[in-house]
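Novice: Using the sequences and the hints, build the whole thing.
There are 2 protein chains.
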Amino acid sequence: MTYLLGLDGGGTGCRAALADLSGNVLGTGKSGSANIMTDMNTARLNILDATEAAFKKAGIDAGQTKTVFAVLGLAGANVGGNGAKLEAMLPFQKSLVYSDGVIALQGALGDHDGTVVILGTGSAYVTRLGKDIRFAGGWGFKVSDLGGGARLGRDLLEETLLAYDKFHPSSPMTAAVLERFGGNPHRIVQFAHSATPSDFGTFAPTVFEYAAKNDAVAVALLDKTIGQIERGLDATMSPAPMRLSLLGGLGALYGPLLSPHYRAMLQAPLNDALTGAVQLAARNFAATPAETAHG
Amino acid sequence: MTYLLGLDGGGTGCRAALADLSGNVLGTGKSGSANIMTDMNTARLNILDATEAAFKKAGIDAGQTKTVFAVLGLAGANVGGNGAKLEAMLPFQKSLVYSDGVIALQGALGDHDGTVVILGTGSAYVTRLGKDIRFAGGWGFKVSDLGGGARLGRDLLEETLLAYDKFHPSSPMTAAVLERFGGNPHRIVQFAHSATPSDFGTFAPTVFEYAAKNDAVAVALLDKTIGQIERGLDATMSPAPMRLSLLGGLGALYGPLLSPHYRAMLQAPLNDALTGAVQLAARNFAATPAETAHG
Numbered sequence: 002m003t004y005l006l007g008l009d010g011g012g013t014g015c016r017a018a019l020a021d022l023s024g025n026v027l028g029t030g031k032s033g034s035a036n037i038m039t040d041m042n043t044a045r046l047n048i049l050d051a052t053e054a055a056f057k058k059a060g061i062d063a064g065q066t067k068t069v070f071a072v073l074g075l076a077g078a079n080v081g082g083n084g085a086k087l088e089a090m091l092p093f094q095k096s097l098v099y100s101d102g103v104i105a106l107q108g109a110l111g112d113h114d115g116t117v118v119i120l121g122t123g124s125a126y127v128t129r130l131g132k133d134i135r136f137a138g139g140w141g142f143k144v145s146d147l148g149g150g151a152r153l154g155r156d157l158l159e160e161t162l163l164a165y166d167k168f169h170p171s172s173p174m175t176a177a178v179l180e181r182f183g184g185n186p187h188r189i190v191q192f193a194h195s196a197t198p199s200d201f202g203t204f205a206p207t208v209f210e211y212a213a214k215n216d217a218v219a220v221a222l223l224d225k226t227i228g229q230i231e232r233g234l235d236a237t238m239s240p241a242p243m244r245l246s247l248l249g250g251l252g253a254l255y256g257p258l259l260s261p262h263y264r265a266m267l268q269a270p271l272n273d274a275l276t277g278a279v280q281l282a283a284r285n286f287a288a289t290p291a292e293t294a295h296g
Numbered sequence: 002m003t004y005l006l007g008l009d010g011g012g013t014g015c016r017a018a019l020a021d022l023s024g025n026v027l028g029t030g031k032s033g034s035a036n037i038m039t040d041m042n043t044a045r046l047n048i049l050d051a052t053e054a055a056f057k058k059a060g061i062d063a064g065q066t067k068t069v070f071a072v073l074g075l076a077g078a079n080v081g082g083n084g085a086k087l088e089a090m091l092p093f094q095k096s097l098v099y100s101d102g103v104i105a106l107q108g109a110l111g112d113h114d115g116t117v118v119i120l121g122t123g124s125a126y127v128t129r130l131g132k133d134i135r136f137a138g139g140w141g142f143k144v145s146d147l148g149g150g151a152r153l154g155r156d157l158l159e160e161t162l163l164a165y166d167k168f169h170p171s172s173p174m175t176a177a178v179l180e181r182f183g184g185n186p187h188r189i190v191q192f193a194h195s196a197t198p199s200d201f202g203t204f205a206p207t208v209f210e211y212a213a214k215n216d217a218v219a220v221a222l223l224d225k226t227i228g229q230i231e232r233g234l235d236a237t238m239s240p241a242p243m244r245l246s247l248l249g250g251l252g253a254l255y256g257p258l259l260s261p262h263y264r265a266m267l268q269a270p271l272n273d274a275l276t277g278a279v280q281l282a283a284r285n286f287a288a289t290p291a292e293t294a295h296g
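Heads up: the sequence lines are chains E and W, in that order. Letter by letter, the first sequence follows residues 2 to 296 in the numbering used here. Letter by letter, the second sequence follows residues 2 to 296 in the numbering used here.
Derived from the structure by calculation, the hints contain no laboratory data. Just so you know, not all the hints are guaranteed correct.
One copy or two, either will do: identical chains are not told apart, so a pair holds if it fits within one copy or between any two.
As the list claims (entries may be wrong) - DSS-like, lysine-lysine: derived pairs with alpha carbons at most 25 Å apart:
| id | residue 1 | residue 2 |
| --- | --- | --- |
| 1 | Lys-132 | Lys-167 |
| 2 | Lys-57 | Lys-95 |
| 3 | Lys-167 | Lys-225 |
| 4 | Lys-58 | Lys-31 |
| 5 | Lys-31 | Lys-57 |
| 6 | Lys-225 | Lys-214 |
| 7 | Lys-31 | Lys-86 |
| 8 | Lys-67 | Lys-95 |
| 9 | Lys-31 | Lys-95 |
Predicted model only: the values in this text are computed from it and were never measured.
Specialist: Have a look at this one:
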């Protein structure tokens, strides 16, 4: 007996789905972080843990691991040969390591052409036109990822300090954020000093919350950010209407705020990235087209 | 015999000037970093090293150190009681620890009212109106310091990646920066991953250089940045004309680019921050007004 494995992995954790050769999911499992850019060995161990958990959930002997045809979507797979390195380290019968954007695209759009924008802590664009898959953005918090939660949350802290100094107008939102730091701007600086992108990202939902109440600073921040996202769409989408899905934790928040041109193209994602990985495993390794479980 | 000591210290090093009670400098000395926010003990040791070097240069027995009246200007002196803590740890007869901005202000403006903007790796505003000294900005690279070299250099790398993705227009400047990274955007990401604010700041002069050649991206970046600096000036300067000096490595580059309103107030700094510290030592500890050596 041979199985398909889909895996969706990144800095916050891995999810694996074991499926039959038609792509029907038999069991899923989770484990820790799989950051192949910073720690290939830990990533490998956590990938195997998640796989073992999926076998267990499916009630299948994990001794079958070596028979598996696997598709893995991992951040950084397209950098410096990381994907090929990991493929060589895995015990599966066959392994294909893609960028996480590829499985997210497949999950969200199925076999349709179009663009997905992954708006989580970071931001990245993946576009499919026929057999061509293109990536844009997603270069990370420090020099890219406009519209992502980390940049938006960081912008909110910056506006709070600019309001404190009276360089920019204050608003109920900047007053509330300053209050969250005990009214002490030095505590914002301390927080920022050691904040990870995810830490900054915890402030992003506050901007949407206050924009809904017409807070002037929140509205201005989102106007700027939506302009940035749409410049990305202008560059990545063809002029003809295509499918567009916004993914990630902020995707559903940004959707209704897009201009009418792009709102008209918006489609809810068909499936998640893990399902996309299983579909691609079925596509690449099985004779028949994938029929996958939704959700 | 009693001496005055002025000291200008920060993350990159300390400079000390030993002076007589009239403020005439007798000798100067240098040593390593004095970052009282991260390592108070090392800061103390380097302050004493620079002091000893100044005594040596002046040909005076360093045994006189305990007779000294000292004014020290150090970044972070106004945060969390750091200044008072350091004062208690120093072996001088009397010590006053001020924020680095205070000695820079005194050096640049002498006894005049006005504003200095310190435009180095970071950016900070110090304003004197009579006895009142106010600080603004200067909260650090991550959430503040608009117009500083670190933010400007980082912006240039961001624009280079946006141009690579065709989200924003490219220009000779963005092409030259990409070329500096071997045409490989992943190398920009790698650089940014471990770059310090100073590392980002090494790219700031490139923006001025290309703006002088009318590079459209460079001109747009500086227009944005000068707007940010002037919003800071609008908030910190009184409506009536005051003295304005731009200090730091980028001060002289920004000066000619300010709008006519602020350009009309611009004055070359009278003296450097170390001289400002000596002046303040004379002011605080000696009977007669300071007459300090220039330069």
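Novice: Give a verdict on every hint.
Specialist: We went through each hint and held it up to the structure:
no.: 1; hint: Lys-132 - Lys-167; in the structure: between (52 Å within a copy, 21 Å between copies)
no.: 2; hint: Lys-57 - Lys-95; in the structure: within (21 Å within a copy, 72 Å between copies)
no.: 3; hint: Lys-167 - Lys-225; in the structure: both (20 Å within a copy, 18 Å between copies)
no.: 4; hint: Lys-58 - Lys-31; in the structure: within (11 Å within a copy, 67 Å between copies)
no.: 5; hint: Lys-31 - Lys-57; in the structure: within (11 Å within a copy, 66 Å between copies)
no.: 6; hint: Lys-225 - Lys-214; in the structure: within (17 Å within a copy, 29 Å between copies)
no.: 7; hint: Lys-31 - Lys-86; in the structure: within (22 Å within a copy, 50 Å between copies)
no.: 8; hint: Lys-67 - Lys-95; in the structure: within (9 Å within a copy, 75 Å between copies)
no.: 9; hint: Lys-31 - Lys-95; in the structure: within (21 Å within a copy, 63 Å between copies)
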